[in-house]
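Colleague: Here is how the chains run, residue by residue.
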Amino acid sequence: MYEVSVDARAAAAIAPAVAGDEAAFARIIATYHGDLMRVAYVVCGDNELAGDAVQAAWTIAWRKLGTLRDPERLRGWLVSVATNEARQLLRREHRRAVNELKVMADAGPPPRDPAGTIERIDLVNALHCLGPDDRALLAMRYVVGLDATEIGAATGRSPSGTRARLARLLRRVRKELDDG
Amino acid sequence: MADLERLEAELSVELSAALRRYAAEADTSIDAAEAARAIARRHPRRRWLDAVGGTLPFPIRTAARVVLVAAALLALLLAAAFVGQRLLPDGLRESLLRGRLDCIQTAPGTVSTEGATVTTTGLTLECRFVTGDERTTGGMTLVVARTLFDGRNGVDEGTVTLTADRGTWTGELAGTIAETGARSASATLAGQGPFRDLQLSLSLIGSGSLSFVVTGTVGPSR
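From first to last, the protein sequence lines stand for chains L and X.
Residues 1 to 180 in our numbering are what the first sequence spells out, letter by letter.
Residues 1 to 222 in our numbering are what the second sequence spells out, letter by letter.
There may be inaccurate statements among the hints.
[To be verified] Facing chain L, according to a computed beta carbon distance under 8 Å, are these residues of chain X, among others:
(1) L15
(2) R20
(3) D27
(4) T28
(5) A40
(6) I60
(7) T62
(8) A63
(9) A64
(10) V66
[Claimed, not checked] Computed spacing ranges between beta-carbons, pair by pair:
(11) X:E5 - L:H128: 22 to 32 Å
(12) L:D147 - X:R42: 45 to 55 Å
(13) L:D178 - X:R65: 26 to 36 Å
Calculated from the structure, these hints are not laboratory results.
Yeah, the Cβ is synthetic: ideal placement off N, Cα and C, and Gly gets one too.
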């Protein structure tokens, strides 16, 4: 999905960003902000929450970029940071006593055809049946395109464990979609 | 593995397409330069810590920082000890700086480090004060305590001269050492400069029978 040169350019910006170069950090943000927002959106299902999570993730990235040992893992690392922030934010949101009702605020662009509407509703319903961790796993695999090894490194699991969990997850999603 | 591949083959193309369409609803717009500037302004780097192994792997970085903090604490302790020694009461400092005083007789008479019985009319002692610490500075007080055996005769004059391997030291007799029949006297020495091997020449002129003890302590300059 990504050109090697894009990742390489971003990786080359790590050292100057660690040294405090804001312009270099801005290059990293510009490269990966979209990925982070998309993953966070799948986890949270809400643009505002996703935005908050990603903003927190960028702050963490600024502070801890120097701890990244392998520059080639930058994308996976950033995605895992954003995913963690999204999950934590979601957990905190669920603990709140007051739930805010949204009036179709995040319904997305109008579907082109009725079949698309059904597909989105089915998908959203299926995602709602999953926990934030599982949604994060799906987003990392199918939205950002990380492989099992990268996801494993990002989530602290072995690649084989990640594959097994993805397989269970796919079975469950298929069942939810079939049932829906 | 095969299970995942089969499932992915069945579902992932459709699922990933649907997920991407769904994820595309995310608002991905951002002014990256402004965001970077704001984050850098709100979260300034802890440069003093980042400078220590900021790019090193976690365990090494932590160890480096522990060493840094330990070194800082040690430096603090040493500084406190140095200042504390400066501020110590005189008695404590004296005990810290106490050295060894060795005296030998260089004139007729019978003398030892602990004491002497003098039956001649003249006695010269040369004493060497060894602290073992060449950084020792400050003044020195040498107390010459004598006990006159018969109480009639005593020391009627004396001189103290000091030579040090480094620094400048002078000494003078004080107290009642010049008084005939004195039972005790003190010689106060003062000077500046570091010393490790301080030599003291003490000349006592008197008659009769007496014994005395020469002790030395080092104390701060007065």
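Colleague: Check each numbered hint from earlier against the structure, then list the numbers of those it violates in ascending order.
Modeller: 6, 7, 8, 9, 10, 12 and 13
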